[in-house]
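Got chain A sorted already, so can you dock chain B onto it with the hints?
2 protein chains.
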Amino acid sequence: MISAPRIGFIGLGLMGKPIAGHLVRAGYRVTVHNRSRAAVDELIAQGGRAADNPKGVAAESDVVITMLPDSPDVEAVAFGEQGILAAARPGMIHVDMSTIAPAAARRIAEAESRAGVENLDAPVSGGDVGAKNATLTIMVGGKPDVFQKCLPIFETLGKKITLIGDHGAGQIAKACNQIMVAAQMVAMGELLVFAQKAGADPREVVEAIKAGAAQCWTLDTKPQRLFAGNRAPGFKSSMMLKDLNIIVDSAKVYGIPLPMTAVNAQLFAALVAAGQGDLDNSAVIGVIEELARVKLSETRD
Amino acid sequence: MISAPRIGFIGLGLMGKPIAGHLVRAGYRVTVHNRSRAAVDELIAQGGRAADNPKGVAAESDVVITMLPDSPDVEAVAFGEQGILAAARPGMIHVDMSTIAPAAARRIAEAESRAGVENLDAPVSGGDVGAKNATLTIMVGGKPDVFQKCLPIFETLGKKITLIGDHGAGQIAKACNQIMVAAQMVAMGELLVFAQKAGADPREVVEAIKAGAAQCWTLDTKPQRLFAGNRAPGFKSSMMLKDLNIIVDSAKVYGIPLPMTAVNAQLFAALVAAGQGDLDNSAVIGVIEELARVKLSETRD
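So the protein sequences, as listed, match chains A and B. By my numbering, the letter at position 133 of the first sequence is numbered 418, and the numbering carries on one by one without gaps. By my numbering, the letter at position 252 of the second sequence is numbered 537, and the numbering carries on one by one without gaps.
The following block holds chain A by itself, in its conformation from the complex:
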């Protein structure tokens, strides 16, 4: 690749659409595909091109990026009859930015390697805001030389880009990220309900504790949204549940008991079972509110 690589982009959802837009604006030739057409038309209006299926995208691209909900989606797009590998050429690179199981990422990389296709797993953290502002954290697994080739692309999308290790290592880092984020979301829910029901103003409590040992991005950004009655995503609870299920399933495979994360997965499962999977992950407080029969002051959802 002497000149800028031609980029393919498959999966124009909440995360994928703004990411693909940054690549178009950065001057890359970007060919996109998405199951529903509206997002494709938006990208074309911005200067992108369209292909009818993943094979068509891959035929026009040196680097094919996927941003899809889960492992089966990535496997279908990679290995399907009209999939990426149907247009495989040696030296082609598949960068999967979806969050999937580390073991699935390794399996996909191995299968693609046999077809001469290089693979990077490159899941992200930062949510739709990070995607829109190009401030994503990008956690990468794969070969160093392939990482170096793709680094200019990543730098168009994020501010913290790390090669963690070999195939799957990006997904392991993402899993670790979600263990911490889920814990903070549930802790925030438990402490706000505790303050409310024990008789202290949750706003004063948050102001007091957010500068000390409890300091975290979650307490810096989410309570004000909850106090304003805003539980819209952000990052959907159903996606957090998917990520936690990946973590708990992977932990079983590796023989790692995760007592707290297992409970957190159950709490997000309760939220999704209550039909609230489309709310922000901070809305997990709703499960604690339900258990304690109390509502956070001024919640209006």
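To be clear, the hints were calculated from the coordinates, so they are not data collected in a lab. Fair warning: there could be bad hints in the mix.
Same chains, same names: a pair is fine if it fits in one copy or spans any two.
With a straight-line Cα cutoff of 16 Å, these simulated EDC-like cross-link-like pairs (lysine to aspartate or glutamate) come out [claimed, not checked]:
#1 445 to 563
#2 495 to 505
#3 580 to 440
#4 445 to 492
#5 444 to 563
Coordinates of chain B only, in the frame set by chain A:
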């Protein structure tokens, strides 16, 4: 109190000793008492005075500060035969900086009020480092005018001082703080063990995730200590267990199920049962290591 109040200080432990030292250096007349004599001698060498018991301290002081392990200790020091109330005068102020149950703080404030003694609950966050550097977070419950009288004292000790609400509200805020801190400590333990056993370098994982949505003071400060094999306190696990037991017990009284914090209390109980209660609260990773039969690289405790 026209002139600077005379201060009494009872409980010269890991937290109390440096706090009392700051007050002496700030120019207050400070009379101290402690069960063991060594810490008292240190304070006298710095310019403090000593009294034989809490009553003796109170007789010499306008504001009596206590920093003790738990509710029974505070009640003994307040209500004992040689206790603070034995020297009660109208207008005297008792500031309890210990971490105890919110309900116990309210009981103590009510009993002291009947003796004409004002009370503030003023637990702190920030650990021994915050005590030494006078950067504590101080969460206060009580009357606004009493808070205002004591504010200059608090400003000698901490950088974030908040009147949360009425008696007990400081303790509620501290409980909320510990819900979040315990969650972060356990999450850090689970994610480091997950990374290690799933096959990614825990150092690279921490570097990648600490700048994103998982960002917290815990990830900023504790992993480097764990990687260096340092599990010394800091803040002892036995004290975290005490705080979590206060939270879970109080939550029962108020009818607040706390599914995640209850699990975290069990994990700290396991650490203490294994004889490791004197280690830092970040050492709770040891319970996950034990369950997963793996040790974090380069741990040498």
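Tested hints:
no., hint, in the structure
1, 445 to 563, "neither (28 Å within a copy, 37 Å between copies)"
2, 495 to 505, "both (7 Å within a copy, 15 Å between copies)"
3, 580 to 440, "neither (42 Å within a copy, 35 Å between copies)"
4, 445 to 492, "between (28 Å within a copy, 9 Å between copies)"
5, 444 to 563, "neither (27 Å within a copy, 40 Å between copies)"
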